[in-house]
Each structure stands twice: as C-alpha cells, then as structure tokens.
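With chain A fixed as given, assemble chain S onto it according to the hints.
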Amino acid sequence: MKQWKVFNQLNKSTRANVITIGVIAIIYVLCQLLIAVGALSNLMQGLLVPLCYYSILAVSLNLTVGILGELSLGHAGFMCIGAFSGAFFSRLTENTITSPWIRFPLAIMIGAIFAALFGGLIGIVVLRLRGDYLAIVTLAFGEIIKNIINVLYIGIDGSGFHFSMKDSLSLGLAKDGDIILNGAKGITGTPNDTTFTIATIFLIVVYLIITNLVNSRSGRAIQAIRDNRIAAESVGIDITKFKILAFTLSAAMAGIAGVLYSHNISTLVATPKNFGYNMSIMILVFVVLGGMGNIRGSIIAAVLLTLLPEYLRFMQDYRMLIYAIVLIVMMIFNWNPACIAWRKNHTIKGTLLSLLKKNRKEA
Amino acid sequence: MSFVSYLIKGVSLGSVYSIIALGYTMVYGIAKMLNFAHGDVIMVGGYVIFTVMSMMGLNPVIAVLISIIFCTLLGVTIERVAYKPLRGASSLAVLITAIGVSYLLQNIALLVFGADTKSFSSVITLPALKLADGALTISGETLVTIPICIIIMVALTIFVKKSRTGRSMLAVSEDKAAAVLMGVNVNKTIAITFAIGSSLAAVASALMFSAYPSLTSTSGSMPGIKAFVAAVFGGIGSIPGAMIGGILLGVIEILSRAYISSQLADAIVFMILILVLLVKPTGILGKKMQEKV
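As they're listed, the protein sequences go chains A and S. Per our numbering, the first sequence runs over residues 1 to 363. Per our numbering, the second sequence runs over residues 1 to 293.
No lab work stands behind these hints, which were simulated from the structure alone. As the structure is a prediction and not an experimental result, all values here were calculated from the model. Wrong hints could be hidden among the right ones.
So these bits of chain A aren't anywhere near chain S, every CB distance computed over 12 Å [stated by the list, open to error]: (1) Thr96; (2) Ile156; (3) Lys175; (4) Ser266; (5) Thr267; (6) Gly297; (7) Lys344.
Computed footprint of chain A on chain S; a stretch qualifies when at least three of its residues, placed anywhere within it, have a C-beta under 8 Å from a C-beta of chain A [what the hints assert, rightly or not]: (8) 82 to 90; (9) 104 to 116; (10) 161 to 172; (11) 266 to 275.
Ideal Cβ positions, reconstructed from N, Cα and C, are used throughout, including at glycine.
Bound-form chain A, shown alone (with noise of 0.2 Å):
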C-alpha cells in the first residue's frame, strides 16, 4: 500500500511515464521469454527490432507534426544521415574499437548528430516559411540527400580518405586500400549490433526525453508556438530558436532510429523504398493514426500497423490503399466541423449517461 501512495505522490506526467516504460518493459519481458521457450516465430523475431526503430520515428515525428505543428515530409532523409554516418563510422572503427558495447553507443551518438547537424541547418534555413512551403522543402530536402548518397563514393588508405562522385575506381585507392561508401552499391558489411535490448533502452530514451521536453518550460513555449504564432510572439516567445530546437531534437531521435536501422541489416543501400517519400509518409500515418501531440500514441500505432499486415497476410496488397483512407477519413473525422459537432453530441460518456437516463425513467 505505501508504494502506491508514493506513486500517487507523483506528479501527472511522471505517472504517465512510468505507466508507459511500465508497460514497455513488461512486453520486453515477456518477448525476451517467448524467445526463451521458442515460442516466438523467426518473423517475430525479426520484426522486434524494427517495431522499436519505427516506434522511434513516429515520436520523433510527432515532435515536429504534433507538438511544433509543422509538417515535416524529410523524416525519412534525417533517417538516412543518421543510418549512413553510424554505419561508416562502425565499418570505420570495426578494427580499432572491437568491443560493440563501446563502439555501437558511439555509432548511435555520431548518426543522432550528424542527423541534428542537418536538421538544424535545415531548420535555419527553412523554418522561416511555414506550413505548405515547409512541407515541400523537407520533401525536397529528403530526395537532394537520397541522390547525394548515391553518387558519393569514399574510400580509406593509408595515405587517408579519398572522396569521389564518379565511381569507385576515379577514388584511386591504394593497394590495401578500403571502400567504404561504394555509391548506390552503399555500405556493406556494416556489424550486426542492433539487438531488441538495445533498440528497447533507445525507444526509452527517446520516449523520455520527448515527454520531458513536452512538460517543460521549452516545451510549453513549443506548443503555445502550435497553437497560436503571432499570440506566442507577443508574449516574448522567440520563435524561431523554439522551433529550431525542436527540428533538430526531432532529426535527431529520427538519426538514432536510423543507426539502429543501420546496424540490422547487411547491406545499407538509400533506395525510394527505405529512405524515400513514401518512407516519410509511412510514419506520418503513425502519427496521424496515434493521435498527433499524443507520444504513447505514436507507439502503439506504430507497432500495431506494422504487425497488423504480418497477421494478416491476405490484406498485404491493400495495405498501403488501407494506409492512405486511414489518412483521409482521420482527417475529415477529426476537423470537419460536422464531425466535430457529432462528437461532442455522441461521446462514450455522454451516450451511456443517456442511456441511464433512459432506464431511469422507464423504471
């Protein structure tokens, strides 16, 4: 009994966190036991770390569409930074630092700044438009870097690095030389150390970091940004740093996802596919459907729309159709004014209050 009183104690948004990791932890657990008895299926398997990678993207998204209220359509670029920078320096340092405990923190740490690095640059540049303008300009942003990644070759001798834009020979490496970025051939034998336990304390992380920012002073200043531009300026909000550090947190938690990524696969290769539109319209769904502003939200939307489609192999062909009236009757249902009036007339509260009512006086 005294520990629910401490737990009482807490104040709302701790609660509300400790439920969340709670929550998080007993699944782990439970994975990790289903593992242990081989109850799991390989498919299973092989999706428990991607949930926790895509569960990252679609908090990290919802910082930027939820709580900054800007839409971003380059998540899947900031993603692509993080994926290709950890990976060069894992293959990089795969010799030197042997030891993946220290090495892959360090992967992750050099993929989330990288990926903050161009979205803060990002960020300067383009935080002064708003709304459709930013939305195209991140789109642009997310192809410029897509098409960069896939003429860009880097090689490794002893004289140093070598950098080309042509092909791997015009690098002219020495004998014993190592290419590591080989252009649209992309990074290959990057180190397998990407495991459900890492990419679990990641999601926590990540998940923790984003609430706290949400319940602070900069947090409330973020969302007072949301709801009200010109009222957020009057009051001496500065705007532009604000929604700065937001994108840049916002690309960074999408770098780390992209490390993690990075470091489960064999060979990383920037295709339309993994890093392109449709990747960065894929977690919009997640925000969209969790609810945007919502973080527990984002991560059981995530996690249900990517195992979803797994159990129900018949609908893997309209899936992407499902995807995309998700989007649209979400939207009309949440904004039209219409269905705005429905709602507040049909809440679940309200309907059963009515029915009492009902009962009542038929008695």
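Okay, now just chain S, sitting in the frame of chain A:
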C-alpha cells in the same frame, strides 16, 4: 549545336511543367491549399489514354478527349469528397488529407494496372523536324508541346481577366469573405478551379508521356513536385509566373542532366527551390502578403 538542342528540349519539358504548375498555382491561389494529388491526376490521365489507345484501339485524339473528361470529373470529385469537408480547417489537416488522396490514387492505379512499367505510345504523330543538315533535330512532341503551352497560357489569362467566372476566381483569391458578400458562389468557383486544373493535368499527361513514355503508378508524383517547385519559383498564384518558372526549371533540369550529372539533376532542381525560397520567398512574380492578426 548540341547546346541548342538541349535548350529546345528543356523548353519543351518546361512547357509541360508550366501546364502542370498552372493547376497548382490556381488551386493554391483560390483554395489556399497545396493539392498534393495533382501530380497523381497526371498519372491517372496517362493510364486513361493508355487504356483507351492500347486496349480499345481508338484514335489518339479521342483518347486525349476521354482523358480530359475523366480527369476533370476526378478533380471535381476529389475536391467534393476530400477537401470540401475540411474547408476552414487548419492547413496541416488539409495538407495531410491531400497526401492521403495522392497515396490513394497511386495505390488504386497499382492495384488496377499492376507494378510493371507500361510503355506509352505517343499520341503525337508529327514527324521530327531536321534543321541545319540534320545537325539539329526537333522531335514532333516538342513541336506540338510548345505551341499548346502558349495557347493555354493566353487562353487562360484572357479567361481569368475577361469572363465572369474568371473574375469571380480573382475575387475569391483576393478575399473569400468579401467575395461571398458580393454574391460570388465560393464553392462553385473552387470546384471550377479544380476542374480547370485537372483538365490541364490531362493535357500535360498526354504531352509528357508522349515524350517520356514509361508509365507506372508513381510516375506522376515527381513531375508533380517539380511543377510545384516551378509554381513557387515563378510566384505562386500568378499565371505568367507559372509559365516562366516552369520553362526555367525545365531548361535547368535538362542542362544539368546533360552537363553536370544525370543522377544529380533532381537534387539540383530541389536545391534551386531552397535557394529561391531563401532569397525571395514569394517567387519571381509573386506578391507579398501581409499577415493579419
């Protein structure tokens, strides 16, 4: 000579971009929304022409006409079903809906026509023009595309300036509330704008797929995004701006494809977008709008 031929090719591609950009710029000017699905209407138009020509074996002119009618109806339906319920909602909500519609069209096309690339047969049968003893060849598609673009521009400008419907469009884009007070039917005007934009998309699809004949469910999205870049470049909401922006963009794209790198051409186009928005966010011919509290 090769430079001149690249330049002509660029103007031709740019003409297609400017016809698509018109659809964006008019809808943006009047409904204040970025119609993300516009590029996918182009793809649908391409599939309609392909179906009518290859499967029913009809005349190309009839195919283009059917495609124009189909796309017009599609545009109006999209506006009625997806965008009209959200009139007055936040621009983020409308934009996400538009992305949803774009995704929906792509996936319906994918389910109906399959994932394999369809080879589009040109609707233009004009022979290529050979100049300067064969050193300079101008394809039949180019010879048709550029005049059609000019005709559309002139006709549209006259329509908007002189006709009653056109002037009501101008009124709605200037001030929606005041237009309502003056007796303009805003919903009808917006529907007509979508109809015009979508029919232009059908024309653009006939011209574009004749010159670049590979047709898949996503082949509309990239030209659509580039045309939006062109509209921003020229100044969104401005009809001559869309033309200038489109042609400049087409020339830049073809020249960078030829002289810099074919893989980086798209990246260069997008970098230009970012630069333009940095230096002059309203575009070449755009007007600066003051934000009111």
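Here is how each hint holds up against the structure:
With a cut of 12 Å on Cβ distances, Thr96 of chain A stays outside the contact zone with chain S, its closest approach being about 33 Å. Distance to chain S confirms Ile156 of chain A as a non-interface residue, since its nearest Cβ pair spans about 23 Å, more than 12 Å. With 12 Å as the threshold on Cβ separation, the claim that Lys175 of chain A sits away from chain S holds: the shortest Cβ distance comes to roughly 29 Å. For Ser266 of chain A, the non-interface assignment is confirmed: its Cβ lies about 24 Å from the closest Cβ of chain S, beyond the 12 Å cut-off.
The beta carbon of Thr267 of chain A is kept farther than 12 Å from every beta carbon of chain S, the shortest such distance being approximately 20 Å. With a minimum CB-CB distance of about 15 Å to chain S, Gly297 of chain A clears the 12 Å threshold, and the non-interface call stands. For Lys344 of chain A, the condition that its CB be more than 12 Å from all CB atoms of chain S holds, with the nearest at approximately 16 Å. Only residues whose beta carbon comes within less than 8 Å of a beta carbon in chain A count, and the segment 82 to 90 of chain S has 6; three or more means the coverage holds.
With 6 residues carrying a beta carbon less than 8 Å from a beta carbon of chain A, the segment 104 to 116 of chain S meets the three-residue requirement, and the given coverage holds. With a threshold of 8 Å between beta carbons, the proposed coverage of the segment 161 to 172 of chain S by chain A is violated, since 0 of its residues qualify and at least three are required. For the segment 266 to 275 of chain S, the stated coverage by chain A holds: 6 residues have a C-beta nearer than 8 Å to a C-beta of that chain, and at least 3 were required.
Hint 10 from the earlier list is the only one contradicted by this structure; the remaining hints agree with it.
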